[in-house]
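Using the sequences and the accompanying hints, generate a full structural model.
Protein chains in written order, with this note's numbering: chain H, 1 to 307; chain V, 1 to 283; chain U, 1 to 253.
If you are wondering where the hints come from, they were derived from the structure by calculation, not from laboratory data.
Note that the structure is predicted; figures quoted are calculated from it, not measured.
Please note: incorrect hints may appear among the correct ones.
Calculated from the model, a selection of chain V residues having no Cβ within reach of chain H, i.e. all distances over 12 angstroms [said to hold, decoys possible]:
1) Ser18
2) Val108
3) Gly124
Quick look at which bits of chain V chain H covers, simulated, 3 or more residues with Cβ under 8 angstroms [as the list claims (entries may be wrong)]:
4) 4 to 15
5) 38 to 47
6) 68 to 81
Calculated cross-link-like contacts (lysine to aspartate or glutamate; reagent style EDC-like; alpha-carbon spacing at most 16 angstroms) [to be verified]:
7) U:Lys95 to U:Asp181
8) U:Lys63 to U:Asp77
9) U:Lys18 to U:Asp71
10) H:Lys198 to V:Glu7
11) U:Lys95 to V:Asp2
12) V:Lys184 to H:Asp16
13) U:Lys23 to U:Glu228
14) U:Lys142 to U:Asp123
15) U:Lys32 to U:Asp71
16) H:Lys198 to V:Asp169
17) U:Lys33 to U:Glu242
18) H:Lys203 to V:Asp169
19) V:Lys12 to H:Asp189
20) U:Lys33 to U:Glu169
21) U:Lys120 to U:Glu138
22) H:Lys198 to V:Glu8
23) U:Lys131 to U:Glu194
24) H:Lys198 to H:Asp118
25) H:Lys203 to V:Glu8
26) U:Lys32 to U:Glu194
27) H:Lys203 to H:Asp189
28) U:Lys212 to U:Glu175
29) V:Lys36 to V:Glu59
30) U:Lys32 to U:Glu169
The beta carbon of each residue, even a glycine, is placed where N, CA and C say it ideally should be.
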Amino acid sequence: MSEESLGVQRRRLFWDRASEKLLYLLVISSGLIVLLIAATLYFRSRPVLQMQPLRSLLFSLDWHPSRGSFGFLPFIAGTLWVTCVAMALAIPVCLLTSIYIAEYAPKKFREWINPLIDILAGIPSVVYGIWGVLVIVPFIKEWLAPLFHVSSTGYCVLAGGMVLAVMVFPFIIHLSTEILKAVPQELRDASLALGATKWQTIKNVVMRRAMPGIVAAIVLGISRALGETIAVMMVVGNVARLPKSLFDPAYPLPALIANNYGEMMSIPLYDSALLFASFILLLVVLYFNVVSRMILSGSKWSSYYYG
Amino acid sequence: MDKRSLEENIFKTLMVGSTLLILAVLLMILGTIVVKGLPFLSWSMLTQAPKSGYYLGKEGGILNAILGSLYLTGGATILAFFISLPVTLYLNVYARRGSRLVYVTRFVFDVLWGIPSIVYGAFGFTLMLFFGLHTSLLAGMITVAFLILPIMTRSMDEVIRMVPNALLDASYALGATRWETAFKVVVRQALPGILTAVLIAFGRGIGDAASLIFTAGFTDSLPSSLFRPVATLPLTIFFQFSTPIPEVRGRAYAAALILTIIILIISVVSRFLTKRFARHVVR
Amino acid sequence: MESNAHIRVNNLNVFYGKDHALKDISVEIPNKKITVIIGPSGCGKTTLLKSFNRLLDPTDNVKVTGEVFVDGENIYDPNIEVTHIRKKMGLLSQKPYPLPMSIYDNIAYGPRLHGEKNKKKLDRIVEHFLKTASLWEEVKNKLSAPASRLSVGQQQRLCLARGLAVGPEIILGDEPTSALDPKSSQHIEKRFLELKQHYTIVIVTHILRQTKRLADYVLFLYMGRLIEHGPAQEVLENPKQEMTREYIQGIIS
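See below:
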């Protein structure tokens with residue numbers, strides 16, 4: 001080998017090794033972002049944790065930041081209410097739609113419904129919020145509430161839940177359609193060959209096989225719903241009380257965090273309390289995510305990760 | 001009709017019904033924004049910054065927010081890109097095929113993807129204080145970069161892992177190093193997908209508001225410095241929408257229309273790019 | 001043992017995790033001949049071929065013991081540098097994989113990597129090897145067209161030219177005709193017969209007829225073991241082992 005090409009060779013190899021080390025470092029450090037976020041938020045919420053026992057932070061109704069009492073129960077309850085309503089609305093619609101798209105819809109239809117669902121997924125949160133205020137809120141105030149003989153401003157748990165349901169539609173549909181498609185065709189054929197109808201096959205074979213994945217998709221949808229901020233905040237009323245019915249206003253955690261940025265630096269411990277709220281949110285969402293991703297990465301879908 | 005097919009028909013009706021419901025909701029959202037926003041859309045909105053009294057219904061536009069959003073999201077996308085691409089290349093070229101590290105990293109990025117943007121906002125806020133910054137273009141950029149990093153990485157990973165291993169082997173067999181294979185072969189092969197991933201991340205970033213409330217701040221002037229607050233479309237929509245003055249609310253609708261159009265354009269362009277740049281791609 | 005064989009395998013074992021894929025392989029590949037590796041699917045043919053230029057490296061959980069000498073260098077020596085080993089061997093895979101670039105750049109890719117920048121020299125290299133692979137006439141007017149637009153048969157010849165352009169001594173073929181139509185296969189086979197004057201060629205195939213047409217030397221693998229090896233005529237017409245006979249008669253496959 002000539003002197004010159006040896007030089008080229010050496011340079012190439014050096015760069016190959018160096019780049020490997022560099023990229024490895026980058027992979028590891030980007031993987032540590034989760035820990036970094038959790039650690040930062042925990043560190044910043046320590047002052048309020050030292051002031052008030054965890055139990056009273058989580059289960060007290062007393063929210064008076066200026067008096068130094070931070071009871072997060074109204075907000076936690078608000079988050080749970082809104083999320084539950086959203087999921088109760090979204091789950092049936094999403095399941096039916098995904099089964100339709102994956103099993104029944106003609107190929108042509110599938111080709112143009114997927115981009116449309118992508119559009120739904122891409123619409124910014126604040127636009128959903130405007131739609132909620134202009135359409136859902138008046139709908140509840142003028143139609144739904146009178147139907148149940150209650151009076152409501154329309155800014156309530158139900159409005160938040162409805163907007164949120166629409167926002168998680170594309171997310172759950174996308175995932176569960178993928179999961180249904182991953183069920184092997186042989187399984188369907190075997191059932192059909194035994195004389196089952198298409199619906200029986202779907203109900204007894206396809207759904208049963210896809211169930212863990214669908215559950216995971218729903219759990220991911222829940223975690224997405226838990227953290228949604230702007231749109232919900234625009235329609236849910238933001239009153240720090242325990243909601244007693246669907247037509248009462250609520251005040252979910254993300255809305256609390258977003259709404260009080262202005263004051264939080266002027267009241268002692270307020271910033272710490274809000275970062276504690278984000279810390280709770282992070283932990284809950286991480287938990288849901290890890291669980292559902294574990295289900296998804298379990299035997300049948302492991303190709304999703306390994307490829 | 002026997003019971004079996006009755007049940008099937010009921011469910012089929014429900015399925016078609018819910019699919020139509022979703023399409024109807026989509027149309028309704030787009031329709032609402034168009035109907036409400038179009039009358040208020042004007043050339044001056046796109047080309048002027050807010051003048052005094054703008055928020056009381058006087059003259060001006062939202063150029064500050066349009067530019068702010070583009071700069072902020074553009075910067076964030078570039079930042080995220082310089083992490084996403086190397087990380088994905090590491091996972092698919094450098095790391096051993098099917099190794100534990102690859103699995104764990106994908107898992108972690110999926111989990112990161114699930115973290116709500118308001119939490120990224122809070123995180124960005126604490127970082128910002130830690131580094132002694134104020135609400136600024138830079139702080140917003142970094143926060144949004146964190147927010148879109150997992151989105152970009154996972155979408156890029158999805159396309160780069162489609163590059164057949166045999167193509168990598170073909171390059172190795174010619175004596176190429178992994179670095180050369182990664183940048184001369186894999187990147188070219190996956191280019192359309194990489195661009196799509198970048199655009200998806202940009203679209204997600206430009207529509208997000210919750211991460212910016214704490215970090216980007218707001219201003220009526222055009223973005224001028226990395227260290228000054230910056231206006232963004234989602235926030236300008238949000239603020240203008242909260243006022244009772246009809247004229248200002250109308251502009252919020254128009255701004256929402258602009259934002260939606262930007263996002264639709266991005267999604268159309270990414271579809272187009274996928275086709276256009278597929279020239280060299282080996283199937 | 002002194003030997004001038006390009007490839008000499010000594011006690012080679014390959015494990016995929018717990019799966020023992022190659023067991024105690026020892027063999028010498030004769031120079032400037034076509035050696036064909038035959039055996040039923042899953043017997044380790046491709047693994048053996050890939051072990052010659054260390055293409056097993058990127059797979060997780062692979063363990064290799066024993067030695068493979070290429071030009072007297074043990075390529076599994078931990079201090080060895082792998083790209084110059086790979087440069088010594090051209091590879092043809094089952095399906096042609098043109099690189100995502102133009103026809104010209106496909107051929108010039110290797111030489112450029114190894115430091116050739118002179119445009120005129122590159123032009124000459126491209127022309128020369130496209131001619132060797134008998135593709136020149138078909139593509140000389142569209143060298144800047146994407147390689148992916150060529151037909152599969154042309155692509156495989158392009159891959160051959162690309163491999164030759166880095167100046168190897170050995171050509172490895174992993175069922176190189178399996179994705180091709182009969183006409184293109186014939187084309188490739190002809191090239192092999194010409195090229196063996198200058199190159200040592202090792203091919204994996206499961207087609208016995210192809211083996212008969214091409215082979216000077218045959219290795220028969222079964223369940224990861226090298227059952228029999230020797231000059232083609234001996235192994236194919238008068239095998240010493242019962243298993244080889246059964247395979248050749250089509251009883252096991």
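Going through the hints against the structure:
1. Ser18: violated, 4 angstroms
2. Val108: Nearest chain H Cβ is 5 angstroms from valine 108 of chain V, so the label is violated.
3. Gly124: violated, 10 angstroms
4. 4 to 15: holds (count 8)
5. 38 to 47: With 0 residues closer than 8 angstroms to chain H, the region 38 to 47 of chain V misses the three-residue bar; violated.
6. 68 to 81: Coverage by chain H is violated for the region 68 to 81 of chain V (0 residues, Cβ < 8 angstroms).
7. U:Lys95 to U:Asp181: holds, 12 angstroms
8. U:Lys63 to U:Asp77: Holds. Lysine 63 of chain U to aspartate 77 of chain U sits at ~13 angstroms (cutoff 16 angstroms).
9. U:Lys18 to U:Asp71: Not OK: lysine 18 of chain U and aspartate 71 of chain U at ~31 angstroms, beyond 16 angstroms, violated.
10. H:Lys198 to V:Glu7: Within the cut-off at roughly 11 angstroms; holds.
11. U:Lys95 to V:Asp2: Violated: lysine 95 of chain U and aspartate 2 of chain V sit about 53 angstroms apart, past 16 angstroms.
12. V:Lys184 to H:Asp16: Holds. Lysine 184 of chain V to aspartate 16 of chain H sits at ~13 angstroms (cutoff 16 angstroms).
13. U:Lys23 to U:Glu228: holds, 13 angstroms
14. U:Lys142 to U:Asp123: holds, 14 angstroms
15. U:Lys32 to U:Asp71: With Cα atoms ~13 angstroms apart, lysine 32 of chain U and aspartate 71 of chain U stay inside 16 angstroms; holds.
16. H:Lys198 to V:Asp169: violated, 44 angstroms
17. U:Lys33 to U:Glu242: violated, 26 angstroms
18. H:Lys203 to V:Asp169: violated, 44 angstroms
19. V:Lys12 to H:Asp189: violated, 20 angstroms
20. U:Lys33 to U:Glu169: holds, 12 angstroms
21. U:Lys120 to U:Glu138: Not OK: lysine 120 of chain U and glutamate 138 of chain U at ~21 angstroms, beyond 16 angstroms, violated.
22. H:Lys198 to V:Glu8: holds, 8 angstroms
23. U:Lys131 to U:Glu194: holds, 12 angstroms
24. H:Lys198 to H:Asp118: Roughly 28 angstroms between the alpha carbons, so the hint for lysine 198 of chain H and aspartate 118 of chain H is violated.
25. H:Lys203 to V:Glu8: The hint holds at about 10 angstroms.
26. U:Lys32 to U:Glu194: Holds, at roughly 11 angstroms.
27. H:Lys203 to H:Asp189: Given pair lysine 203 of chain H, aspartate 189 of chain H holds - Cα atoms ~14 angstroms apart, limit 16 angstroms.
28. U:Lys212 to U:Glu175: The hint holds at about 15 angstroms.
29. V:Lys36 to V:Glu59: Not OK: lysine 36 of chain V and glutamate 59 of chain V at ~19 angstroms, beyond 16 angstroms, violated.
30. U:Lys32 to U:Glu169: Given that 16 angstroms is the threshold and the Cα spacing comes to 9 angstroms, the pair holds.
Of the numbered hints listed earlier, those contradicted by the structure are 1, 2, 3, 5, 6, 9, 11, 16, 17, 18, 19, 21, 24, 29.
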